[in-house]
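Use these hints to put chains S and V onto chain U, whose structure you have.
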Amino acid sequence: MDYYGWMQLLQGAWTTAWISMVSIALGVVIGLVIALIRMAKLPIIDQILGVYVSWARATPLVTLALFIFLSFPSFGINLDKHFSAILCLTLNTSAFNAEIWRNAFLNFSSGQKEAAEALGMRRMTYFRRIMFPQMVVMSLPALVNEMSFLIKGSPAIAVIGVVDLTRVTNRIAAVTYEPLLPILCAGILYMCIIGVLIKLQQMAERKANYLAG
Amino acid sequence: MLNEKIHTGPVETPKTVQETAPVVELPVQYPKSESNAQDIVKVVNLSKQFDGIEVLRDINLTIKKGDVVSILGSSGSGKSTLLRCMNWLEQPERGSIHLGDERIGINPATRKPLKYKELAKIRERIGMVFQSFNLWPHLTVLRNVMEALLHVKKMPKVEAEKIARAQLEKVGMSHKLDSYPSMLSGGQKQRVAIARALAMEPEVLLFDEPTSALDPELVDEVLTVMQSLSKEGYTMVVVTHEMEFARNVSSQVVFLEKGILIEKCPPEKFFTHPDSPRVRQFLKLDGA
Amino acid sequence: MTEWEIIWQQREIFISGFGNTFALFFAGSIASFILGVTLLYTLENGSKGVKGSVILVINMMRTLPFLILAYLLYYGLPQAGIRMDAFTAGLISLSLYHGTYFCEIFRGIRKGLDSGQMEAAQACGFSRFKTFTRIIIPNVLLRSLPLIANQLIICLKDTAFLCIITVGEITAAANSIQSTYFIPLNAFIVAIALYWIISIAIEQVSKITLNKVQDRGLSHA
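Protein chains in written order, with the numbering used here: chain U, 20 to 232; chain S, 1059 to 1346; chain V, 211 to 431.
Incorrect hints may have been included.
[What the hints assert, rightly or not] Derived DSBU-like pairs: lysine-lysine, alpha-carbon spacing no greater than 30 angstroms straight-line:
| id | chain 1 | residue 1 | chain 2 | residue 2 |
| --- | --- | --- | --- | --- |
| 1 | V | K340 | S | K1234 |
| 2 | S | K1175 | S | K1234 |
| 3 | V | K422 | S | K1220 |
| 4 | S | K1212 | S | K1234 |
| 5 | V | K321 | S | K1179 |
| 6 | U | K226 | V | K340 |
| 7 | S | K1175 | V | K340 |
| 8 | S | K1179 | V | K258 |
| 9 | V | K417 | S | K1234 |
| 10 | S | K1228 | S | K1289 |
| 11 | V | K422 | V | K321 |
| 12 | V | K417 | S | K1175 |
| 13 | V | K417 | S | K1179 |
| 14 | V | K261 | V | K340 |
| 15 | S | K1211 | S | K1289 |
| 16 | V | K340 | S | K1179 |
Read the hints as simulated data drawn from the structure, not as lab findings.
For reference, chain U alone in the conformation it holds in the complex (with noise of 0.2 angstroms):
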């Protein structure tokens, strides 16, 4: 693998990289904002969010993402293959972040709602000032999880020619003949990426159970 190759290789996870922080910021709050639509228990909304999250947990990122990259143009939209990348793992990522939040709001214990009553503490500023930052605290560990299954499902965006991490072995394969070296290379470069969030993960898990206990 010459010099050209590695550079191909650090292109591939800097593209992974980018796409899947940008689908995990916007499935954090996306997801945030379903979970406190779906807490508002409005009657038809909530059926619908219900049937998404369903279907999002069904589907496999490979057909999502061909079914956006693909059907969108026959309605006149016509999609950029990152962009349709980023749409198709915020749409699978938020229905999991939402369920995260929802646990958390639904396993809030109500007592400290009464505390924040008996003090008169309007609903805004407990919900921002008391609930909110315990939320984040309890729901951490969930949503690194999700993010660092994001990342292992990112591979799915080549299938509309994004060229990731993964798909970038086979560029490079395609020149030297070798795809052994650049496939272990990648692998090695996705343990890492993830490594550190399973790290992260243990490191909020331990602040969660504090906050717990």
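What follows is chains S and V alone, placed relative to chain U:
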């Protein structure tokens, strides 16, 4: 009267003839007088440490067939550890424990630890009842009692079920055969656990604080079962806090203090004029 | 002819794709389940070295995307002289990958089991093997039901990756139909619906089983 022991006991000649040679004498000394065929469990010069802290120190104890030995002592005195050493759930550093002619845990010829399978063979002959019952939650009451018969003694199912039903009848649990442990009260669980141990026809039954995890009103149903077992002639070693049981049911009372055996005598003596001042203090005999 | 009629005409492609997906999923999950249990046994009774290497492999798999493993088997190994067809490579990578994930699930549940149960088995004279098969495994499996169902759904979804290494499963079927007839919307709606149906079936079976287990008062969930 309660101390009258019928020395018949349940059928307890082990089916396997002891293949091992007579125990090779190790650098340990048996207490001189007590060494005859009636001895079931012999603990010789037993010492055990946990992280450098000595929890048992040079314990000597002989348990004869039909004996009911109560082990008393304040918490942390090492009494549970002593009991758990008797079936090698804890491994002592020094000394030896014998069941009949066999040494537990160590092969006397090679002086190496027994293989797990050999240990299992001896453990079959020792029944154990735990403080926290330790029933298997995925099995019904009947299956809990049958499980070891089927998979340790390799009995046919029909025979195992017959024995299990009989033992559950004995502890008064025949009405709950198909219940799962989670549906039972603590006292019921412990009675099932006793039936599980009895079904194996052990030569000795070890009870590790069998009533300590029970609500006070459930203690009696378990003690009643244990008392009737003692009348049937079972050899029992009971770690307990129940003074009444120790006084009325047992034939020997042993008192442990900081890992040392400081008193061993019949209950009549133990509860009225024990030798050790520490036991007098424990029983509050002096102040009264 | 409407687009849906084309799909109906081409149903053979979908049926064979569904067959492949289901075969991969079914064989893969059984193999990985067995692998997971076997690995748990080695963690239970193996020597220190064996335990260490099993845990190392589990931790490696946890940081790898499934597709990279499939790439390694299908594109990488031929360079080392090991060749297999795409389906075999897919099935093996599916089994290896999810086997370690199953083991990780079981390991977590095993850690939480009350050790008294195992002591009781020991005291009754159970052999190590019998303690594992009669006491540990039933408890671990009953308690990990929801996690097993979740992992099965992930396993099902991972079969879709295999269309990238040319396995003709559901997604590949949809892709081939859409590229011939230019009906991506309909083709992928069918594909997604098929995955959804299998997932819902897995969830329902797990729910029914879980209820039965809870009737016995035996579950963490």
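So, going through the hints one by one against the coordinates:
no.	hint	verdict
1	V:K340 with S:K1234	holds, 26 angstroms
2	S:K1175 with S:K1234	violated, 33 angstroms
3	V:K422 with S:K1220	holds, 28 angstroms
4	S:K1212 with S:K1234	holds, 25 angstroms
5	V:K321 with S:K1179	holds, 27 angstroms
6	U:K226 with V:K340	violated, 39 angstroms
7	S:K1175 with V:K340	holds, 11 angstroms
8	S:K1179 with V:K258	holds, 26 angstroms
9	V:K417 with S:K1234	holds, 28 angstroms
10	S:K1228 with S:K1289	holds, 13 angstroms
11	V:K422 with V:K321	holds, 24 angstroms
12	V:K417 with S:K1175	violated, 40 angstroms
13	V:K417 with S:K1179	violated, 42 angstroms
14	V:K261 with V:K340	holds, 20 angstroms
15	S:K1211 with S:K1289	holds, 27 angstroms
16	V:K340 with S:K1179	holds, 13 angstroms
Hints 2, 6, 12, 13, counting from the list given before, are not met by this structure.
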